[in-house]
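Chain A is fixed; fit chain B onto it per the hints.
Chains as they are written, first to last, in full-length UniProt numbering: chain A, 1 to 379; chain B, 1 to 325.
Because the hints were derived from the structure by calculation, they are not lab data. Keep in mind it's a predicted model, so treat the numbers as computed, not measured. Yeah, the Cβ is synthetic: ideal placement off N, Cα and C, and Gly gets one too. Hints may contain errors.
Chain B residues, not near chain A, derived (Cβ > 10 Å throughout) [said to hold, decoys possible]:
| hint | residue |
| --- | --- |
| 1 | Gly123 |
| 2 | Pro134 |
| 3 | Lys181 |
| 4 | Glu183 |
| 5 | Glu286 |
| 6 | Pro298 |
DEER-style ranges, computed between Cβ atoms [to be verified]:
| hint | chain 1 | residue 1 | chain 2 | residue 2 | range |
| --- | --- | --- | --- | --- | --- |
| 7 | A | Glu375 | B | Gly228 | 44 to 50 Å |
| 8 | A | Asp43 | B | Asp48 | 43 to 49 Å |
| 9 | A | Val48 | B | Lys47 | 50 to 56 Å |
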Amino acid sequence: MSVSSATTEMVDPVPGAAAPHLPQQPDLVQLLTPEGERVEHPDYPLDVSAEELRGLYRDLVLVRRWDVEATALQRQGELGIWASLLGQEAAQIGAGRAMADGDMAFPTYREHGVAWTRGVDPLHVISLFRGVDNGGWDPIATGFNLYTVVIGAQCLHATGYAMGLQRDGAETATLAFLGDGATSQGEVNESFIWAASFSAPVVFFCQNNQYAISVPLERQSRVPLYQRAAGFGFPGVRVDGNDVLAVLAVTRAALTAAREGQGPTFIEAFTYRMGAHTTSDDPTRYRLASELEEWKLRDPIARVKAHLSRTGIADADFFDAVEAEADELAQRIRSGTTEMTDPPGTAMFDQVYAEQTPLVAAQQAQFEAYQASFEGSEH
Amino acid sequence: MAETLTIGKALNLGLRRALEDDAKVVLMGEDIGRLGGVFRITDGLQKDFGEDRVVDTPLAEAGILGTAVGLAMRGYRPVCEIQFDGFVFPAYNQIVTQVAKIHARSRGRLPMPIVIRIPFGGGIGAVEHHSESPEAYFAHTPGLKVVAVSNPADAYWGIQQAIASPDPIVFLEPKRRYWEKAEVDTEATPGPLFASRVVRGGDDVTVLAYGPMVKTALQAAEAAAEEGRSLEVVDLRTLSPLDLDPVFDSVRRTGRCVVVHEAPVTLGLGSEIAARVTETCFHSLEAPVLRVGGYDTPYPPSKLEEEYLPDLDRVLDAVDRAMEF
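One chain only, chain A, in its complex shape:
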């Protein structure tokens, strides 16, 4: 049996990435530093109005508050599980706000921030984690597909949908979400091949949050993830995933290219999952507290607030108003969750098929008769 290493030192897969005090990685697109300083990037000019900046800040604060409330609701037994987006707000808001009407997002199960930007009611996401349904929103009307739990399966759906857009002559694109772990899935690699071969209008948006539950990135890849795209024949870009402006600019450019017929782009949003994988997880078993402390210095919301304050784009009244709105949202989520009713048992039979089979119809009738047999009795 081989022993890989006697040391317990953490191996940094991307030197400098996890240490904000080190010089910035040359390949990382950044438009807003962790200190809130606006910087330019030659390939990604971004005109963003004061109102848009305030709007992005509001998005970030509200989705974090939603996330915190959902975690609390899970702890109180109101949700079966919750997959926290803490730390990934900028990646999700930036990507979501880069989308245009008619674009279609294909999320994993953690894209609550993107859901927010598509106008999905948070309670329609919460209902999934409460076990009421598999997501209560209309995927086509919102341009936001239902959550896909099998890792990476949605990348092929996004590619196929993009091939449909292509056939329809639609000037829209799809945005496929995936994580760093998903890049190891065969289906994800197949989606890259399809997208490249058919020059499909799809953008692959990978949130590299450094861990696939407990397994660090170096087990998934020997090279930085964005470099893989070159092997498939399309551009790969690494963006500071904690910088909402950079994510917005990079995703917007990639979606524009896709809509214009230039084919796919792979975006690696370099970020960090500040919380656990889900409420069932214990990250202290696989990562060091010091790492978390380092990433806190790169917080996606603090830098926007610093920028807004420093430039005078927003004042204390604005920040207070956003906080008050966040509290209201949290209250609405809390009461909406606890008031959510369980679906009727017969619902499980209703949509198995578009044309129900005699077998399922018979089982439904049998179930209803069985349930009815208890009526009036104490049980």
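Just chain B now, with coordinates in the frame of chain A:
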């Protein structure tokens, strides 16, 4: 208009008609375009309908099914060819976790009108993975429908009906019978897709089969008749949902039932059918429902497949056992 067609040609004409009737129909698969498929089922279709409607895909089955899901979400009706039965498993994840579940997951907002064509079964002297009968995996999966055709008329109409269906359908084609001929009336009004059919009347034993085994069952019935035994043969046609009412009617008359398929017997379709026939016809049965199928071994090298596959004699042996019980 009646024409004499092979099963393969009937499928080709059925696909052609589906492509003509609905601009949203898209054929996808490995080698189905320029080559016309390894069995030539899609011969000539790319030439006439173009590369966007008859798509030579990259060589990855999960990719075929996964992109079909996205196309279906966008309103297309993908018809996916899996080149051989044993190659469906790379796509198994997409079929079982996505194709089968998306309609229910979305509370009916996202129909999945996808047809998965699979040439299935053995008897062609092929190497490993080219002779399998994977139907039970799909029949066990809620959300999928599974049909198996046995003759040119069902091939011609069935493929069109499957494509028109709003639900995902695994469409099993009896590859060793692709070259069997029969007359097909291409102007007739077809019967329902999800219905079994009595293909030979009889009084002594009800024999159930589907796909390539229908011919075997009919041959057995012919041989049995020479010995004075009368077998009723039912072509099941639809494996999920099963249409067993005609079977129950038959078994109530004959009191005996034999199920034949190439797939291994354990937890094959025969197991479910035996259970349901027993539940429904218990008081009419003169003998337990017997199953004739492949052995519970991996499909053997082709020099052994004649021993592995049910044939006329093994069907008759089961008939004897049912009669003697």
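Right, here's what the structure says about each hint:
no.: 1; hint: Gly123; result: holds, 31 Å
no.: 2; hint: Pro134; result: holds, 20 Å
no.: 3; hint: Lys181; result: holds, 33 Å
no.: 4; hint: Glu183; result: holds, 30 Å
no.: 5; hint: Glu286; result: holds, 27 Å
no.: 6; hint: Pro298; result: holds, 24 Å
no.: 7; hint: Glu375/A - Gly228/B: 44 to 50 Å; result: violated, 57 Å
no.: 8; hint: Asp43/A - Asp48/B: 43 to 49 Å; result: holds, 45 Å
no.: 9; hint: Val48/A - Lys47/B: 50 to 56 Å; result: holds, 51 Å
Violation of the numbered hints given earlier is confined to hint 7; every other hint is satisfied by the structure.
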